[in-house]
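Work out the full structure: start from the sequences and follow the hints.
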Amino acid sequence: LVLGVRMGYVLLRELFGMVPPRNGPRVMILGAGAEAAALIRQLRDPLSPRRAKVCGILDDDPGKQQRRLNGVPILGPLTELPALVNAMQISGCLLGVSPHSPKGREILELCRQQQLTLYGDAHALPAPEEGGPVHVRAA
Numbered sequence: 019l020v021l022g023v024r025m026g027y028v029l030l031r032e033l034f035g036m037v038p039p040r041n042g043p044r045v046m047i048l049g050a051g052a053e054a055a056a057l058i059r060q061l062r063d064p065l066s067p068r069r070a071k072v073c074g075i076l077d078d079d080p081g082k083q084q085r086r087l088n089g090v091p092i093l094g095p096l097t098e099l100p101a102l103v104n105a106m107q108i109s110g111c112l113l114g115v116s117p118h119s120p121k122g123r124e125i126l127e128l129c130r131q132q133q134l135t136l137y138g139d140a141h142a143l144p145a146p147e148e149g150g151p152v153h154v155r156a157a
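So for the sequence shown, the numbering used here puts the first residue at 19; every next one is plus one.
The set of hints was computed from the structure by calculation and includes no laboratory data.
Just so you know, nobody snuck in bad clues.
Computed list of lysine-lysine pairs in PhoX-like fashion (alpha-carbon distance at most 25 Å, straight line):
hint, residue 1, residue 2
1, Lys82, Lys71
2, Lys121, Lys82
3, Lys121, Lys71
Label-pair distances were calculated between CB atoms; the ranges are:
hint, residue 1, residue 2, range
4, Gln84, Ala56, 20 to 26 Å
5, Ala55, Leu29, 16 to 22 Å
6, Asp78, Gln133, 19 to 25 Å
7, Ala56, Ala105, 24 to 30 Å
8, Pro80, Glu127, 20 to 26 Å
9, Leu19, Thr97, 50 to 56 Å
10, Asn88, His141, 18 to 24 Å
11, Val23, Ala105, 40 to 46 Å
Bear in mind the structure is a predicted one, so any value in this text is a computation, not a measurement.
Glycine included, each C-beta is placed from N, C-alpha and C at the ideal position.
This is the structure in structure tokens:
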């Protein structure tokens, strides 16, 4: 009985996590590393006050293109970031790899050059009650 209740709870939490938040920010994850998988779980947690709609992931690895990570599509290489930010009305980006890795530093520099909002982690995202997302535009 206890196992059945626990399994039901986990199943319902996963199902409700797949439903996008109504007022949450629209985010793009940059890099498909282990951090990206953890971010997706965190952003989809139905009990989290910082839920967000994860619109996609960008990663330069051709082997990861056209795949999904925890149900989120890997849309293409990082060079497509400026166009996708505008087309998908992205509120901000999150780093899906370590900022100390070479790829992380490259992504940080790209966002700096394009003047894109890059949040350090999911806790830095604006909550819906804080006025909702502020859309960024690629230069």
